[in-house]
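Peer 1: These are the residues of each chain, in order.
Number of protein chains: 2
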Amino acid sequence: MISKAQVKHIRSLDDKKKRYEYKQFVVEGIKMVDELLKSQYEIVEIFATQYWISNHAPSGISKLKISLITEQSLSRISGLKTPNEVLALVVMPDATSIPNFDKALALDNIQDPGNLGSIIRIADWFGISTIICNAQTVDVYNPKVLQATMGSVFRVTCYYTDLLNYIIQQTSNKTYAAVLNGSNVNEMEKITNGLILIGNESAGIDEKLIQHCDFEISIPQKGNAESLNAAVATGIICNTLFK
Amino acid sequence: MISKAQVKHIRSLDDKKKRYEYKQFVVEGIKMVDELLKSQYEIVEIFATQYWISNHAPSGISKLKISLITEQSLSRISGLKTPNEVLALVVMPDATSIPNFDKALALDNIQDPGNLGSIIRIADWFGISTIICNAQTVDVYNPKVLQATMGSVFRVTCYYTDLLNYIIQQTSNKTYAAVLNGSNVNEMEKITNGLILIGNESAGIDEKLIQHCDFEISIPQKGNAESLNAAVATGIICNTLFK
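Taken in sequence, the protein lines are chains A and B. Going by numbering that gives the first Met the number 0, the first residue of the first sequence is number 0, and it counts up by one from there. Going by numbering that gives the first Met the number 0, the first residue of the second sequence is number 0, and it counts up by one from there.
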């Protein structure tokens, strides 16, 4: 069962301000909740259909945290076009102090939820667990971002900070800015650690940030497209630059 | 001015069947129409606001082909959430006989319009002008695909065919199937010609197709994500495999 107040609370979390006020976010669908249950994330409550409880609930899970709901009730709290058997209310992990890292990504103003989700999935593929975002980058707990990560969000942490300040102050890693007229990334020496900076989908990286980076790198263009999608560029650079 | 019949005709082209019946498709927005006008594509008619005519219409363009319409009329024919000054009705080019090529992509069941659009943009970036799609791959003239190409669609041609038959019969190019457990693409010799086969977002490439490919290639995974987005994988392989 789900109360009216719970419906209202869950739906309010579509709004970024409310998510940060309550420090909670919503995870939906069989695949995403499966990945959530494998992670260390703290779950407030799981709302699931009988189908999910019979077929997907792990045997060890506390029954106290699962509420059986009908498909109809699920559709009232779901943000998906086609609700998918289960929805979890999750506690936002603390992501205030950026840890030391070997490899990390930094994002300047990534606006498109699909791009951020895809970049998180790429980071997870290449074993990168830290992404440092400027405050204007789309929120990682935006439902569209979460879906696009395909579960990788539980293995990669996004830290939102003053990126310029961070890049100026950090000295332990070389920084590589992805730009349109930099050195050919395919000809650079492969590295085991470093911070790769990716810019906004149309405006690129803020000039002030570029000035404080150690290298400007580019993917060689052989045809006529003006640019590559930010996520595609991230994938190519991660595969090429990191050992 | 735009007639009721024209409104009905243009809106009908949202439907793939109608597009192929009339052999026409719709191109929208300043950037896309700008790229269209630089191409050899045959334009049936351009519907534009006074703003576009004053600021963006090239001087050489035949006035006969441009109809002035109001923002309000544009919103009646536009498929965009925010109509963007101009809409062109365009003749579908003939794409029945696949030309000889040095480098090409083959797509097996790419379903997501954003992925196909992104793959076309990647092809254009790497100077690849031929994409061979199986019949179940999303239609290139789908409005969401077109928008995602950012104009690259006018420099890259998609040919829809029986892909298995094509791969069996063609012998002039080596074929490289992108799979999850193939040879490390980073360790392969770079090539100047070849056909790269990319599979469906969740099911991968049909086994029957893989059997007829010369090489199975993979992007080495260092972390935990189960897969990469089809477009991201295409970008990485194009950058790594092609000289």
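Simulated from the structure, these hints should not be mistaken for laboratory data. Among these hints, one or two may not hold up.
No distinction is drawn between identical chains; accordingly, a pair holds when it is met within one copy or between any pair of copies.
What the hints assert, rightly or not - Cross-link-like lysine to aspartate or glutamate pairs, in silico, EDC-like; alpha carbons within 20 Å at most:
(1) Lys37 with Glu20
(2) Lys3 with Asp14
(3) Lys143 with Glu186
(4) Lys30 with Asp111
(5) Lys16 with Asp138
(6) Lys207 with Asp14
(7) Lys143 with Asp111
(8) Lys30 with Glu225
(9) Lys143 with Glu200
(10) Lys207 with Asp101
(11) Lys242 with Glu188
(12) Lys80 with Glu70
(13) Lys143 with Asp14
(14) Lys221 with Asp101
(15) Lys80 with Asp101
(16) Lys189 with Glu200
(17) Lys16 with Asp205
(18) Lys221 with Glu20
(19) Lys143 with Asp33
(20) Lys7 with Asp111
(21) Lys173 with Asp33
(22) Lys3 with Glu44
(23) Lys30 with Glu200
(24) Lys143 with Glu225
(25) Lys15 with Glu206
Peer 1: Does each hint fit the structure? Answer for all of them.
Peer 2: Hints and how they fare:
1. Lys37 with Glu20: Neither way: Lys37 and Glu20 sit 26 Å apart in one copy and 50 Å across, limit 20 Å.
2. Lys3 with Asp14: This pair counts as within: shortest intra-copy Cα distance 18 Å, inter-copy 41 Å.
3. Lys143 with Glu186: Neither, since 36 Å and 35 Å both go past 20 Å.
4. Lys30 with Asp111: between (22 Å within a copy, 19 Å between copies)
5. Lys16 with Asp138: within (10 Å within a copy, 39 Å between copies)
6. Lys207 with Asp14: So Lys207 and Asp14 fail the 20 Å test inside a copy (31 Å) and across (47 Å) alike.
7. Lys143 with Asp111: both (9 Å within a copy, 15 Å between copies)
8. Lys30 with Glu225: The answer is between: 12 Å across copies meets 20 Å, while 36 Å in one copy does not.
9. Lys143 with Glu200: Cα proximity of Lys143 and Glu200: in one copy and across copies (17 Å, 17 Å).
10. Lys207 with Asp101: Classified as neither: same-chain Cα gap 24 Å, cross-chain 41 Å, threshold 20 Å.
11. Lys242 with Glu188: For Lys242 and Glu188, the Cα distance is within 20 Å both inside one copy (9 Å) and across copies (18 Å).
12. Lys80 with Glu70: within (13 Å within a copy, 30 Å between copies)
13. Lys143 with Asp14: Only inside one copy: Lys143 and Asp14 sit 12 Å apart there, 26 Å across copies, limit 20 Å.
14. Lys221 with Asp101: between (32 Å within a copy, 13 Å between copies)
15. Lys80 with Asp101: Classified as neither: same-chain Cα gap 39 Å, cross-chain 42 Å, threshold 20 Å.
16. Lys189 with Glu200: Answer is neither; intra-copy 26 Å and inter-copy 29 Å both fail.
17. Lys16 with Asp205: neither (26 Å within a copy, 45 Å between copies)
18. Lys221 with Glu20: neither (48 Å within a copy, 36 Å between copies)
19. Lys143 with Asp33: within (18 Å within a copy, 31 Å between copies)
20. Lys7 with Asp111: neither (27 Å within a copy, 32 Å between copies)
21. Lys173 with Asp33: Classified as neither; 36 Å inside a copy, 40 Å across copies.
22. Lys3 with Glu44: Within. Shortest intra-copy distance 15 Å satisfies the 20 Å Cα cut-off; inter-copy 53 Å does not.
23. Lys30 with Glu200: Cα proximity of Lys30 and Glu200: across copies only (15 Å, versus 28 Å in one copy).
24. Lys143 with Glu225: Between copies only: 19 Å across chains, 26 Å inside a chain, cut-off 20 Å.
25. Lys15 with Glu206: neither (28 Å within a copy, 44 Å between copies)
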